[in-house]
Amino acid sequence: MLVKYVKAGPPELTEADLNPPTKIGGAPVTPTSDGLLLLGRGAAQSWNCTTSGSYSSPSCGPATSSWRASTRGRHPHQAAGPGPHRKRVLINTIGPVWDGNEVWLLTAGGATFAAFPEWYATLFSGFYMALLIILVCLIVRASPSSNRAKRPEENWQAQLGDGDLLDLAPPRVPVGRGLRQHRAGREDRQELRVRRQLLGPASTRTRSSAAW
Amino acid sequence: MTLTLFTFHGTVFTALKTVGDIRMRARKLALQVGLVTAVLALIFLIWTQVDSGDGKSLVAMIVAVVALVAALAAIQVGREGWSFAFSGVTIVAAVAMLFLSLFPNVMPSSLNADWSLTVTNASSSPYTLKIMTWCAGIATPIVLLYQGWTYWVFRKRIGTRHIAAEAAH
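From first to last, the protein sequence lines are chains U and E. Going by this note's numbering, the residue at position 196 of the first sequence is 318; the numbering climbs one at a time, nothing skipped. Going by this note's numbering, the residue at position 122 of the second sequence is 368; the numbering climbs one at a time, nothing skipped.
Pulled out of the complex, with its shape left as it was, chain E reads as follows (with noise of 0.2 angstroms):
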């Protein structure tokens, strides 16, 4: 399911990022990965709510089902903008739904459930972890800034015809 979704997100990526036949050969292999993907991921999100699921894992799997669908509809219609976004959804809605049917748990234990890590036992002192905050505090929108202008350099889509002959390879 994974290794759908994320071959789903790629194709659609490919499909933003160019021109031409590319654009078109990217839009329909994500029509039909994508179409795969909603099958599997249907059976193991539901699976997994079933297992060991809660409310609010409840809520994040309908989130991710409800992305997945509208960024296959998305594709469908050409537009690939929205469709990356709602396939960018879906992969963190399928994460969160992961963690939080985990928790507290971060770790269970087959053995012996009072041996499981949680989220409690398994974390560091509360001055590492303030450390810790307040240096991600500050780097982490710093990086996400500098990271988003790498992005906004390369933001224009490519074709075939750009890459001069020399280059192609």
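One chain only, chain U, in its complex shape (with noise of 0.2 angstroms):
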């Protein structure tokens, strides 16, 4: 089962998925607004909307959403647009396990700590600057994947998450950063290095991030 996932890759969802037969008690079971595969706003009635009929149907198209962009100040048209869609496509990949991978990093600060105190006392006092940029990052990054569905507005979502490659890519900088120096047994020096990193002109701190 696993190779053949591996080799073939996982297989498309299909509406049969969308359409579970399970029933408790006789009656059909409701899906709620955390549902297996919208996971915007007002999924329920997505969800609805999308298993009555084809996806494409006419009847789940803009013009039926309309009284809820008219009553929340939204163009019609944003809501069919395929920058929105293939936008939601991405966060719905890594949407569900998002939570659970963050997780094992925390965890991996935590096991540090408990398996070799003396080794994360120096790291995460030596590496200070670096590693709160991490945290930063991470909490700007994980922040509008739970709140852009929020609110309708185009302005809140862009705020939010259209700086997703702009959030995504600092995490790995310092990594890398930290990585090579503490191999490289530069760590006294590092904290300085992040300071002048930091405050130094736009051009230096292109530069180095360019070289990790």
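Because the hints were derived from the structure by calculation, they are not lab data. Keep in mind that this is a model prediction, so the values were computed, not measured. No residue lacks a Cβ here, since even glycine has one placed at the ideal position from N, Cα and C. Take these hints with a grain of salt, some might be off.
[As the list claims (entries may be wrong)] Below, a sample of chain U positions facing chain E; criterion: calculated Cβ distance under 7 angstroms:
| no. | residue |
| --- | --- |
| 1 | L135 |
| 2 | A138 |
| 3 | R208 |
| 4 | T215 |
| 5 | G222 |
| 6 | W241 |
| 7 | T244 |
| 8 | F246 |
| 9 | K272 |
[As the list claims (entries may be wrong)] Computed list of lysine to aspartate or glutamate pairs in EDC-like fashion (alpha-carbon distance at most 20 angstroms, straight line):
| no. | chain 1 | residue 1 | chain 2 | residue 2 |
| --- | --- | --- | --- | --- |
| 10 | U | K272 | U | E240 |
| 11 | E | K402 | U | D139 |
| 12 | E | K402 | U | E240 |
| 13 | U | K209 | U | D221 |
| 14 | U | K126 | U | D221 |
| 15 | E | K402 | E | D300 |
| 16 | U | K209 | E | D267 |
| 17 | E | K402 | U | D221 |
| 18 | E | K402 | U | E137 |
| 19 | E | K376 | U | D139 |
Once you've looked at the hints, go ahead and assemble the two chains, each given alone in its own frame, into the complex.
What follows is the structure, given as structure tokens:
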């Protein structure tokens, strides 16, 4: 089974997946807002809409959803554009497992503290600035995934989520720098370096980030 | 190098989990990012090996390089599952290589080699480690099991046509 998945990758989601045959006490199960597929605001509605017909059913288009658009100040066309759809697809690929993965990272810190207290103490204070940047980036990255669907205005989503690439890049840069300098035993100068990086001219920042 | 490696891993993941236009674009991007990664990884890994490597780290380095090339080849022929598996192996092997080349140090001192932290002098007491081993030995398989289940539930590919208009934000 697993080999099949590694070879061909997972199959595509079908309409059968959206129509779970499961029944509890004879009554059909009503999908909730945190349903399998549609993680956005008003997902329960979309679920019914999607399962009632084909995916491209005209009754599911912006025309029927315009009541919400008009009441919440959103232009109907925004709802149907390919941009938001693509973005939602990307979020939905990682969304369900994001938090679970993040916990492993926190566990790594906690386990280091418990098993190697002196290493933890030296590492976390030696790379204070780098680890702080990683932490802030994690928050800045995870928060939009949870909150971008809570308001319909484009502005809100732009502020929260459209900086995706910018949010994603920084955590890896300090990780790489940290590992490299750690390995080379230059931890004593790390803080000074990071400080210079943060306060220095933009060109210096770009160069050193590009290197690592 | 870590930036491009994880970005490569992410684009392969996107190609693995989507259908249609997004999948094709992710594949193309994965190939481009992957080639840049390969160049940077070669420089970085060889540099590390020459600087402070030993036999074990050399093995890890070879595994990392071979797996990265295999991941690139797999995404080139559209085998996203294999590509994701191989890029995962690359990450594991590269991290293993870094720590193997450090061993037994975990935090080398730049002032005096005697002040370096090693796996022995930085560790907790044997009693603490024993308790940790028991806890981790029992809890980790359970966590892996239920986390594996979440991946199983959300295993199928999705595309823009699965996203209803109301949810597209």
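Checklist entry - Checking against the hints above, which ones are violated? => result 2, 8, 9, 10, 12, 14, 15 and 19
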